[in-house]
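Q: Read off the chains here:
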Amino acid sequence: MNTIGKQVRLGLNGDEAVAYAAYHADVDVISAYPITPQTIIVERLSEFVYNGELDAEFIAVESEHSALSAAVGASLAGARTFTATASQGLALMYEILYIASSLRTSIVMALGNRAFSAPINIHCSHDDAYAARDAGWIQFFAENVQEAYDLTLIAFKVSEDKKVLFPSIVNLDGFILTHSVEPLTIFEDKKEIKEFLPDREAVNKIDPSNPITYGPLALPDYYMEIKKQQAEAFNSTPARIKEVFSEYEEFSGRSYSPLKKLYVDDADIVFVVLGSTAGTMRTMVKKWRKNGEKVGVLSLTLYRPFPSREVAEALKDVDTIVVMDRSYSFGSPGGQLYMDVAAALNKYGRYNRLINAIYGLGGRDFTPEMAEDMLHATKDPSIREIWVGVRG
Amino acid sequence: MKHPYLRYLRPENVPTVFCPGCGIGIVMKALFQAFDELGYETLEEFVFVSGIGCSAWIPSPHILADSVHTLHGRAIPVATGIKLVKPDLNVLVIGGDGDIAGIGGNHLLHAARRNMDLMVIMINNQVYGMTGGQLAPTTPYGMKTTTTPYGNPEEPMDTCDIVASAGANYVARWTVGHYLQLKDAFKKAMEKQGFRFVEAVSQCPSRVSSRIGLSPADHIKYYLRNSVDIRKAEELLPEERMEKIIVGEYVDRNKPGYLEKIKMVMRR
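From first to last, the protein sequence lines are chains A and W. Residues 1 to 392 in the numbering used here are what the first sequence lists, from first letter to last. Residues 1001 to 1268 in the numbering used here are what the second sequence lists, from first letter to last.
Same shape as in the complex, but just chain A (with noise of 0.2 Å):
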């Protein structure tokens, strides 16, 4: 295929291509706090800002929540803005996700998924995501280094259209895809993706000669239509994440869409996953096929806003669909992503068999064997949910 950009292969880990592409993005603010794992984005961000490189202003601020709140100022006077963050980082900025989204900047922040404390874990689980779901934050989940590399440039530029103006996460799996050195392709400088992503537009910038107010109070006779129109905004962010999906094909040769689908057209038995874990799935899939088992793999790119739609219509006709949750939702009637493909199947009128895998909390591995017993809970009707590869 000819893209237009040029573009270098050579081996990076999830971080560092997050990092490259920041600087490929041409950022100008970056405010970010150290945290693992994603500390090495920055530490990369900030050696491209003081050699010179990268023409941005880099503030080393004292907590996430400054980090969130000074990348809101940013992207509110105008600025291509990045933060990076991870876990507890996340749970601290809580507050500001809203503020940020519900403001309509166009903040790009890459997330190191890691679990929640207690007990201090520093590795994988997607609690962080999922705790930023329902925050108005447009979320892609990276499978991969190339998939981290290439989401973060089309989630600059999805986040600053003026059809999105929205913020979005990019996430990549703490340590498995933030510390793991893979070879992927990048563009070879930051002209080559300049036509695609070119200087920010900032739509109602700060601007002294015409003064506007950001945020003020708005009481009951007004918040909900506020709301209203902030939810229809955001709910038809995904028509232009679909175009933007196909212009950055035509530059880069690599496509992107909200799911990706294998053998799920015909399968009886499909499993639902986000993140890393996608590609383990597909290879056990593809050797459980061979023996016969017709089963398939659904991963998500697009998480939020969540594109439930294309989900009941890839699953309405699977028997038995394994939602798989890395993270616990307590008291819920599941997992976080189990209870989006419940509703989504719901509403559009399906009622196949659900079961819930809870998985690889804390950075525990997932591994065949944990994938075959999922697969051999599928052929005991009685189980609804199954934590694979816990003791006890």
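Among the clues, some could well be false.
[To be verified] Straight-line distance between alpha carbons at most 20 Å, and here's what the computed EDC-like set of lysine to aspartate or glutamate pairs gives:
| id | chain 1 | residue 1 | chain 2 | residue 2 |
| --- | --- | --- | --- | --- |
| 1 | W | LYS1187 | W | GLU1012 |
| 2 | W | LYS1144 | A | GLU47 |
| 3 | W | LYS1144 | A | GLU62 |
| 4 | W | LYS1188 | W | ASP1161 |
| 5 | A | LYS162 | A | GLU188 |
| 6 | W | LYS1244 | W | GLU1191 |
| 7 | A | LYS347 | A | ASP365 |
| 8 | W | LYS1188 | W | GLU1037 |
| 9 | W | LYS1144 | A | GLU57 |
| 10 | A | LYS190 | A | GLU249 |
| 11 | W | LYS1232 | W | ASP1218 |
| 12 | W | LYS1144 | A | GLU53 |
Hints in this document: simulated from the structure, not taken from any laboratory.
Fit chain W to the supplied structure of chain A, relying on the hints for placement.
A: Using the frame of chain A, we list chain W on its own:
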């Protein structure tokens, strides 16, 4: 023969997790000697509270006593809660500069203002060490870190100055090279009420010493050479002061602590 201070440690966690050459070992020994000289056979009268960072690992899991390992920056408010419910216990917070002065700086300010009956030990290695040596609010001007590869453009905060002016009863800074002074400061702080703050400037062999080309021992010598007693610091010009480590007692006063002040208000 068993080392006498091993009675303060959980034997299954010795040797500790700290890097060879880390100043934390010196701080731990000074603290244990202070316990010993004050006659504490066990630490059952103490509760230790820590946040996140290398220094926060001193109590959890090493010290043989009750401890709470909380969130990054939040040790002081958690310790405040414990002290209010268990006023008879000595509540001791141990943390690093990023934890105590950086992300938890606001809590530090207000606990000092309130003269809360807590002792805080802040081990200052001048960076965020555990995450790889990034710029901290205590990083000296011009120092190279992993997020300021050509030197820090910002001026650091003098945490002792801030805590003293906020109202703490006792504030002292020593480097790990000033072992005896550090131990005596711990002893003095432990015997007082109100808010007590002891800063121990320490080398980080993995993230700082190696980066600036010093061995841990040479780094301690560098601290000693660059230290100026607080009584002589007033003679320094502001630009000279920025390059020095001011050591000594910033304040030593006996205002009533928060618990005492509450009783005074109740009596009215």
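Q: For each hint given before, does the structure comply? Return the numbers of the non-compliant ones in rising order.
A: 1, 5, 6, 7 and 11
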